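Residue numbers (numbering that gives the first Met the number 0), protein chains in the order written: chain A, 0 to 96; chain B, 0 to 96.
Where hints are given, some of them may not hold.
[What the hints assert, rightly or not] Taking lysine to any residue and the SDA-like style, the derived pairs with C-alpha atoms no more than 20 Å apart in a straight line are: (1) A/Lys22 / B/Ser62; (2) A/Lys13 / B/Phe90; (3) B/Lys88 / A/Gln84; (4) B/Lys13 / B/Glu66; (5) B/Lys22 / A/Met0; (6) B/Lys42 / A/Ala6; (7) A/Lys13 / A/Phe69.
[Claimed, not checked] Covered by chain B, according to a simulated footprint, are these stretches of chain A (three or more residues, beta-carbon under 8 Å): (8) 3–15; (9) 42–50; (10) 54–67.
Think of the hints as simulated: they come from the structure by calculation, not from any bench. Quick caveat: nothing in here was measured; it's all calculated off a predicted structure. For each residue, glycine too, the CB sits at the ideal point set by N, CA and C.
There are 2 protein chains.
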Amino acid sequence: MHNEHIAAIAALLKTMSHPIRLKILCLLLDREMTVGDIRGEVKTTNANVSQHLSILRNQGIISFRKEANFIYNRINDPRILQLIQTLRKLFCTNSAN
Amino acid sequence: MHNEHIAAIAALLKTMSHPIRLKILCLLLDREMTVGDIRGEVKTTNANVSQHLSILRNQGIISFRKEANFIYNRINDPRILQLIQTLRKLFCTNSAN
DNA sequence: CCAGTATTTAATTGTTTAATTAATTTAAAT
DNA sequence: ATTTAAATTAATTAAACAATTAAATACTGG
């Protein structure tokens with residue numbers, strides 16, 4: 000692996016490595032969610048969710064669409080979906096494969 | 000995914016999210032390496048490598064064996080191997096799968 | 001025992017990150 | 001136009017992280 004790849008992947012992992020951000024990504028696996036929706040699932044403030052979302056956006060992981068004064072967030076990069084699938088398979092099951 | 004899983008995975012990703020530590024893990028994919036070996040590959044000091052190794056050990060990612068006054072480090076957890084394989088496949092190739 | 005090498009530990013210092021709070025923007029509804 | 005709700009932004013403060021340097025430990029060989 001080249002050093003640029005390593006730097007890029009390290010940055011990605013860093014973005015994903017906060018419990019709230021990882022949880023947001025897990026929530027967004029299935030569906031779109033607004034900031035308010037997300038705040039209902041994680042135990043923190045609205046502003047805090049918004050800040051974490053902005054970090055995820057800057058990394059290019061999620062994008063959003065605006066409707067009325069709601070903002071619907073979704074996972075942008077299909078590779079992130081696959082990555083989370085792998086994490087779940089490796090660390091959340093007892094299966095042999 | 001349960002919150003304990005999320006916390007555990009977030010902690011793992013955090014440990015892996017430093018460029019030097021990620022590079023160390025990539026180097027250890029194939030072979031065992033001493034601190035000195037690793038310092039030859041990453042541009043930093045001996046003490047710094049040792050500190051990063053200790054973080055990786057505390058996370059349970061790598062283990063080591065002692066021989067003379069060398070310490071040979073290796074990846075402990077086969078799931079880490081698979082995870083890095085996945086990262087490489089997703090973010091270091093142009094292939095469609 | 002002493003010298004030399006490998007590694008770890010400790011202490012310091014600067015940087016980054018994260019949560020909280022308050023203020024601001026944007027859009028909708030009355 | 002004013003109010004209300006959703007989301008963002010900004011400012012503050014505390015905590016965590018990381019690199020450097022120096023000191024300490026562990027082990028080997030003469």
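Outcome of the hint check:
no., hint, result
1, A/Lys22 / B/Ser62, "violated, 29 Å"
2, A/Lys13 / B/Phe90, "holds, 15 Å"
3, B/Lys88 / A/Gln84, "holds, 14 Å"
4, B/Lys13 / B/Glu66, "violated, 30 Å"
5, B/Lys22 / A/Met0, "holds, 8 Å"
6, B/Lys42 / A/Ala6, "holds, 14 Å"
7, A/Lys13 / A/Phe69, "violated, 28 Å"
8, 3–15, "holds (count 11)"
9, 42–50, "violated (count 0)"
10, 54–67, "violated (count 0)"
Checked against the numbered hints given earlier, this structure breaks hints 1, 4, 7, 9, 10; the rest are met.
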